[in-house]
Amino acid sequence: MAQTETLKRTPFYDLHVAAGAKMVPFAGYEMPVQYPEGITAEHHVVRKGVGLFDVTHMGEFEITGKDALAFASYVTVNDPNALAVGQVQYSCFLHETGGIVDDCLVHRMADRVMIVVNASNCAKDWKHINRFAGKFDVTLTNRSDETALLALQGPRAQEVLQPLAPGVNLDAIGFYWFTTGKVAGVDCIIARTGYTGEDGFELYHAPADALKVWHALVNPKSPVKLVGLGARDSLRLEMAYPLYGNDIDDETTPFEAGTGWTVKMKKGDFMGRKSLEAQLAKGLTRKLVGFKLLERGFPRHTYPVFVGGKPFGEVRSGIVSPSLGDAIGTAYLPVAVAKPGTRFEVEIRGKRLPAEVVPTPFWTKGSRR
Amino acid sequence: MATLIPEHLLFTEEHEYVQKPDAHDIVSVGITDYASHELGDVVYVDLPQVGAKFKKMEVLGTIEAVKAVSEVYSPVSGEVVEVNGAIEGDPSVVNRDPYGAGWMVKLKVKNPAELDELLGPAAYAAHIGQ
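Those protein sequence lines, which keep their order, are chains A and B.
5 is the number of the first residue of the first sequence in the working numbering; add one for each residue after it.
724 is the number of the first residue of the second sequence in the working numbering; add one for each residue after it.
These aren't lab readings, by the way, just hints derived from the structure by calculation.
Owing to the predicted nature of the structure, the values given are computational and were not obtained by experimental measurement.
There may be inaccurate statements among the hints.
Simulated pairs of lysine-lysine, DSS-like, Cα-Cα distance not exceeding 30 angstroms [as the list claims (entries may be wrong)]:
no.: 1; chain 1: B; residue 1: K790; chain 2: A; residue 2: K369
no.: 2; chain 1: A; residue 1: K291; chain 2: B; residue 2: K790
no.: 3; chain 1: A; residue 1: K128; chain 2: B; residue 2: K790
Anything over 10 angstroms on all C-beta distances counts as not near chain B; from chain A, calculated [to be verified]:
no.: 4; residue: K52
no.: 5; residue: D115
no.: 6; residue: T184
no.: 7; residue: D273
no.: 8; residue: G301
no.: 9; residue: V311
no.: 10; residue: P315
We put the CB at the ideal spot given by N, CA and C, even for glycine.
Just need the whole structure built from these sequences, with the hints factored in.
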């Protein structure tokens, strides 16, 4: 692979390789897609024990200045003004058209806002939000290259992390809240967030300190197992958490994607608002649903979907669920039939298999959801 | 990671293996250890019916792994005389024991001369860069 030389590496690269990871190009980085145990085993580790993901490739934008909250409110759909200091909200950036630029997590700090974005969209997002900075008294700083990020996920996450953070009472951090404190002596933002449906923490820290944090978590005495991007995808899909580029993209709106709960129309003006108003007035034509296949098969992203015998888009995400055993996925269906019980078809290598819309999340037994 | 290439097997460039024929010209066919590692966790295996006939390098079945789907080619021309139903119930056997319990079909070889066209262990090792 000639392109390998231009790919970025996280501070944990050598440790992934030493652990036997299969490294793949992902969003401009060389990232571990799986370790020798395999995606299925890694998936179950997070559902039942505790796993560690290197998600350093994610982007972090810092907003400072008098208008930091007002700016964050203008460029995202949710309402950052409703956040207390130390609280996090799921949100997204919109184009003027109402299509989603990216989804993100907005963190409110005492003196600034931190927005965490997808690695694959980091450059696009950065350009997008900078378009609007001139109208506000803000300074935007892209901290992505100065931030290492580990996600410790699973029902045993707190039990593992607490002894390493004696100065922090993890019990006091609620779901979608964060604090700052030392983990293994390293200054971290400790957020009770994740993308798995399980309890867990995301630890933001300086790359120079990254190996200290890693070795405190990953060592022969620790129950923490390494988990790659492959299991990250199956874990998030069982929760029906959207993945940018699959379930949501530049052409889909939050209302269509089922994340309309994040849109706060009453907060005042924001980018994309007019288009969303127009869409609500006109009515939706399609909605993202979860489905399961009624026959054996593996529904994959881009496989054609047929509703009432007619083509209607494609599978957005699909997998054979390690936790449930069912072949599950997502697709946009006409709004009139986008409800549990509706039958449609997914074409898999020329053969149309029956599918049924089911409620989401698919996995309802997680320790956080 | 070192991959297993048993000395007593023959191989295709597409990573199927063939056990050398018994007295009745019947061979077991599966995918190699290398292929099973490359594919990752196998979640479904679609196998042909007993009695199905295949020409050399025709698609004989499909393996669905978590990250990718892969076709299985018939290494030689022949007729399916047995399929391994056990791997349909527990496809992970293909990852754990590809050369043993993870075999896929048994073929009655039509033209034994085709076996001579397959790769030996050394040639297969070279093919996968080992």
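Structure-based check of all given hints:
1. Taking the CA atoms of K790/B and K369/A, the gap is about 25 angstroms. The hint holds against a cut of 30 angstroms.
2. Annotation: proposed proximity of K291/A to K790/B holds, straight-line Cα distance about 26 angstroms (limit 30 angstroms).
3. Between K128/A and K790/B the CA atoms are separated by roughly 27 angstroms; this keeps the pair inside 30 angstroms, and the hint holds.
4. The beta carbon of K52/A sits about 17 angstroms from the closest Cβ of chain B, which is more than 10 angstroms, so the claim that it is off the interface holds.
5. With a least beta-carbon separation of about 43 angstroms from chain B, D115/A lies farther than 10 angstroms from that chain, consistent with its non-interface assignment.
6. No beta-carbon of chain B comes within 10 angstroms of the beta-carbon of T184/A; the shortest separation is about 37 angstroms.
7. At roughly 43 angstroms, the least C-beta separation between D273/A and chain B is larger than 10 angstroms, which holds for a residue marked as non-interface.
8. The beta carbon of G301/A is not kept farther than 10 angstroms from every beta carbon of chain B, the shortest such distance being approximately 7 angstroms.
9. At the 10 angstroms boundary, the C-beta of V311/A stays outside the reach of chain B, the nearest C-beta of that chain being 24 angstroms off.
10. Residue-level check passed: P315/A sits 21 angstroms from the nearest beta carbon of chain B, beyond 10 angstroms.
Checked against the numbered hints listed earlier, the structure breaks hint 8 alone; every other hint is satisfied.
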